[in-house]
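Sequence order for the protein chains is Y and S.
Heads up: the first sequence begins at 1 in the working numbering, then just goes up one per residue.
Heads up: the second sequence begins at 1 in the working numbering, then just goes up one per residue.
To be clear, the hints were calculated from the coordinates, so they are not data collected in a lab.
For glycine and all other residues, C-beta sits at the position ideal for the given N, C-alpha and C.
Mixed in with the good hints there might be a few duds.
Label pairs and their computed distance ranges (CB to CB) [as the list claims (entries may be wrong)]: (1) Y:Asp291 / S:Glu14: 54 to 64 Å; (2) S:Leu307 / Y:Phe495: 15 to 25 Å; (3) S:Val103 / Y:Lys343: 47 to 57 Å.
To list a few chain S residues with every Cβ distance to chain Y over 10 Å, as calculated [said to hold, decoys possible]: (4) Pro31; (5) Leu51; (6) Phe83; (7) Lys160; (8) Val260; (9) Ala303.
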Amino acid sequence: MNKKIIAVFFLILALTFTGCGKSEEKQAEDILKIAYTTDPQGLDPHRTAAVSTFNVTGSIYETLLAITPDWEVQPRLAESYEISPDGMEITFKLREGVLFHNGREMKAEDVKNSFERLKGEESPKAKDYANIKEINVLSDYEISFATEKLDVELAKAFIYPWTAIIPIEDAETLKSNPVGTGAYKFKEWIPQQQIILTANEDYYLEPAKIKELEFKLIPDATSQMAALQTGDIHLAEIQGNQVEVLKNDENLKIYSEPMNAVQLLALNLDNEIFKDVRVRRAIAMAINKEDINSTVVYGYGSSVGAHLPVNYPDYYDTNDVIGYNPEEAKKLLAEAGYENGLKLEMTLPKNYQIHMDAGQVIADQLSKIGITAEIKVVEWGQWLSDVYSSKDYEMTVAGLSGRLDSYYFLKRYHSKSGDFISYITGEMDPLLEASTSELDPQKRKEIFKEIQVTLAENVPVVYLQTPDRIFALAKNIEGFRTYPIDIYEYKDVFFK
Amino acid sequence: MLNYIFKRIIHAAEVLFVVSLITFAVLLWIPGDVAQLILGSDATPEKLEALRISLGLDRAWYLQYWDWLKGLFRLDLGQSYLFGQNVTTLIAQRLPVTLSIAVFSMLIASVTAILLGSLAAIKKNTKTDYFVTGLMQLGSSVPSFWIGMLCIVFFGLKLKIFPITGYVPIEKGFIPYLNSIFLPSFVLAIGEIGMLLRTVRTSMLDSLRQDYMDMAKVKGLPKVTVYLKYALRSAMIAPINVMGIQFAKLVGGTVVIESVFSLPGLGRLILVAVEQRDIMLLQGLVIFITFLVILISLIVDIAVMFLNPRIRVQMEGE
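If we strip away everything but chain S, and leave its shape as in the complex, we get (with noise of 0.2 Å):
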């Protein structure tokens, strides 16, 4: 088991440095100058000239990577040129922004996903089926910032019960917190249940048809421990791959639902150090990023393997 987690841990170092070195290069390579946007078009190419020093933006590409890389060892992402404060504290303070949402929709999304779909697979091929898995194929094909405008101009402007912009901290409150990151966590959860939702209808099916499922109806447990108890603890393995891979792409930041939402999240700062050539900023990011999805991943692989007592032996067993 710790043989196993060490493997992956070397594996995820290998896979930072790869993406590390990727994001740099393209970020060198793509046409604007970041001297030029800092200074505007007033600037003489002297003002230009100087600046790019004073960036360290006139050594070669190695030199600059290679400072970053001895930083990021003492887990100092470098200075965000753009904000004037530590690329570590800009995370910092989005991070929570991201995660309530991600955490949050992925609440609804899972909740209402393993209901709808273990019921649809129990009711399957009837009317309740046709309609829960006809309303998810709607929901996840409708492009979610439109959804997100219809809720703002639904609950936001006609109904006035959510505030529809910004983000309110915890400190500040639990109830307003919540309130704020309701309507996008909704609407995020939307696009994800459709898929979650498929998922969990056909492992459930599957377990479903399993021996062991009759030999429980015909022991006479009650209906309700049948199917909780046997069917869908099975049947969640799969479901729980998906959550973590729906779960991973929400923290990677929402672009979208956060600038419809104006709320200040990663994906927006993302957005803002692409058009700015803000590179430090970028780069820890991306960095930040592809850690917190291989962590995601890791926590993922071990959870099933307590769901699944297959995949636990054979991994004690390596």
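So here's chain Y without its partners, still in its complex pose (with noise of 0.2 Å):
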């Protein structure tokens, strides 16, 4: 009996070695491979935030304009727009014979029901939209939208991937089963496993080259990076520590792009210490952006002085504004009061290791100008609802991620938002509220600049850096890019 046992135990041992090795036949050059971490929120796109959505349902829903790498509005479902003189209303030109999945064309009434959708109750993006007053079917391929108050960057607002136009009669299975227009359709997701998409034949615009888009969940970087390696997956987000090794490998490449975020030390304002700008001027000074850069994010990052990321069009370099200075810190803090030090407690999620690394770096540098900054490190739900919402926190380390139009990433600066990080002296407010009216591009940039250099000056909050987004793919990757809002254009990737 005992012989046999061991004899099974070698059989079933001898079995697993002998069907291995060869399951990567079959797979031509057809399927794209893409590591994912987190499962979407459902696919329902005007029924969540969350980034993990879109970066799915980006391939598969489309939106009236689109946006290229480089910023540049570009026509999408619509084949061109107008706006007013006024610039309160906004006009679109649909493009004819766009088919949905489900076989019926797209036609002004879709394009009306989705923005009266993403409007309703349930949309979490509806107060971005509240703006717009009158919906108006022109004809079958023509629909205007009037806003209630000027809205300089309208046409930014229909690029977005949460605006998506669907099928109305699907929509209420659209959180599972997602019917939209794109150059992929879906066909399967299995929760915390993979979702598969498969090419649009009848796409109006030039198909994708890929025929199937599998996402594999793969929850550990180390995981990830060793099915890199064996060729199981095609393409991941990777992290700067994991560059050294990936870079090295014959097959692979690395790939980054800035990301349009910017990472940030945030000073509750409503505290008194902070409210003293020697303080915040002494805390930027002591802390050592180009450390952060190399150790945090392994040089994969620039350095910002105000809030705009690095690659936005209205980017003002501010990082000579207040230098690296630890002496000249010690003395402004001196002067403030506190030439005995300071305790002060930095809320860190959890969840992000770039905010938690770039914590404890800072730690150590305040420490050396006398600042003593106690860690508490709080979930990601956590840090939502007590950080975010409740303000309720002396300092945090953050990354805010923009968007297309900057008034948008900065209003949180006025007096009145509420913010967690609102700058209650309303320093900012005129010029926000300047930037709203004005109709000209060139004037619109100048003030930017200046609220830019305002922020670097006044240091409401630290800026760090703009981390970069780095991806490692096989070497015969093609085409891929990143771009400032979170889709990614797979119809354009081929293998070479």
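Take each chain as given, in its own frame, and dock them per the hints.
Pasting the structure below:
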């Protein structure tokens, strides 16, 4: 009996070994395998704010306008658009013959229905579109949107992935069975395992070059790296510390672009200590951004001096306004009455390694000018409710991702914004308000420059960097780019 | 005997009730707002409130709990807000994964432990004994995620003989299925062998010392019969209890191994449910796993009863 057990054991082992190794054979270059770490919050673009959803739905649904990686606005479902001279109305001419994945043609009525759904009760983005007071269907292929107040960047509101045009008859089931007009159709989603999309043969533009997209859930970074190296996946977003290993692999290459985001050390301006600009400047001077850049993101990031990310068209370099100067920082702190040092709490969100790491480097740097930062680590859910919503914190490290227009990104600093980093003294208010009524893009750019300089001088928060988004991908993949919003155009990707 | 099983079932129901109450309470009291997690940082307070109402989170906790309990009697564990699916469906999808690696790793662990443990006992205080126990001590003291990583690098990356991520259901072929679960099961087994092996060795030593062993030897029975039929059989009671405990632990999901090998099992589902505050999902999972654990311990008790005539008689006499 003993021997039998051993025999069975080894038989199983032998079977296991002989069956391996050949499983990759069938996969021609028709399938692009992409690693992801978090499941989407459903696949209905009007019912979530989750980036994990838009990363996938960006290939299924489409919007009236699109943006290129270089921030150029382009027509998509709309062939063209026109804004009235007073800037209060935008009219789109839609493409004809665009089919939903259910076979029906997309018309102006669908656009209207989609936007009404987006403005509805259950939509997390509804308040962004509250300014649209009227939607008029002019013909099957013409539609206009009238606004209540002037929005100088009106066209950009029609690019975001949550403005996807959907067939209303399928609205109820979009969460698990998405139907759009995009270059890829939904095939399957097994939560926590994989999502499969197939190329849409009836696509009205040039069809996708790769027949199938397979999103594979691999939560562990090391496992992702191994999967890249064995060719189990073709594409994965990685962290700076993984680059060194992967760039030496002859089958892989690295691609990186600055994110549309800033990482910052937020200071709660409701706190008496931080109301004194000398304290804030002292903290800014104590932080060596070069150190954060090299240790936290391994060089994959660019330091910033104000709130706009480096790739923004309105970006103005303010890195030199307050430089690294710990000696001066100590003096400023003493002037402010803290010659014996200070004790402050720093809340860090556990799920974001980049903020955890930056927080620890900053705590160390602050200790050199006599500030003791006590680190308190919280879960993401708690960070959102305590820090972000209730403003119950002293310092925190956070990443804020941008939109396509600068005002939207900067309006947090309005004294009435109620934001966790709002600038309570109101110094930014007139500038921010001016930017919303200035129709001339050049003059608007000047206003944003002034805002950035003011932020850099007064440091309501300490700006750290624009981190890069880094990808490792199979060497024969071409056409993969990142975009200023949370989508990827996989239809342009191909195997060389 | 029936009486005994009936008693156990009543006891199980009590345990289930208490566990569900504790989970519910803990989930309500830990910080973090479900609505905020769903709607993200852009949400307005009105939107948050509306969502809380639609999720039923604005009602008193005992009402929420009562509704859930009523559902449980209809075997309806409610809906997961995260996936928009029934909790029972989600569990049914994940169970084969977790069960596969639990069963397979227990198989590897018990076969290895029984073989080596008996060997160590028979060759007590020899080099073989020291080698076996030393090796297993090492195996059980090294963290499983690290062994997992090593296995991925060695078997997956260097030798390329095992896939390193994902799970292949048995419907898609037995060999690919076995391939996908072998490494994680093997790694889990390493962690379990140590304790099991020690138990086998100790109880084997104990039964080898019994008088009937000398009797059997004196009778001139073949060695294999002596060790397997007499010694091992009576030595199996303690190891079976240990196996039951270990199996119950594995069935509850193995978060680390499931993450390292990207397996969609119960462990990862629990992790997501906790992180995203999916109360219905977590509550359902906890109840289901508690139920499984109770079931396994019942099966173990019955198995022991069959192995050990003395317990059997005792119970029948109750």
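Hints versus structure:
1. Y:Asp291 / S:Glu14: 54 to 64 Å: Given a distance of about 58 Å, which is inside 54 to 64 Å, the answer is holds.
2. S:Leu307 / Y:Phe495: 15 to 25 Å: The hinted range 15 to 25 Å is violated for S:Leu307 and Y:Phe495, with Cβ atoms some 60 Å apart.
3. S:Val103 / Y:Lys343: 47 to 57 Å: Since S:Val103 and Y:Lys343 have Cβ atoms about 54 Å apart, the given range 47 to 57 Å holds.
4. Pro31: violated, 4 Å
5. Leu51: violated, 8 Å
6. Phe83: violated, 5 Å
7. Lys160: S:Lys160 not clear of chain Y: closest Cβ-Cβ about 6 Å, inside 10 Å.
8. Val260: violated, 5 Å
9. Ala303: Holds, since 18 Å exceeds 10 Å.
Of the hints listed earlier, those the structure fails to meet are numbers 2, 4, 5, 6, 7 and 8, in rising order.
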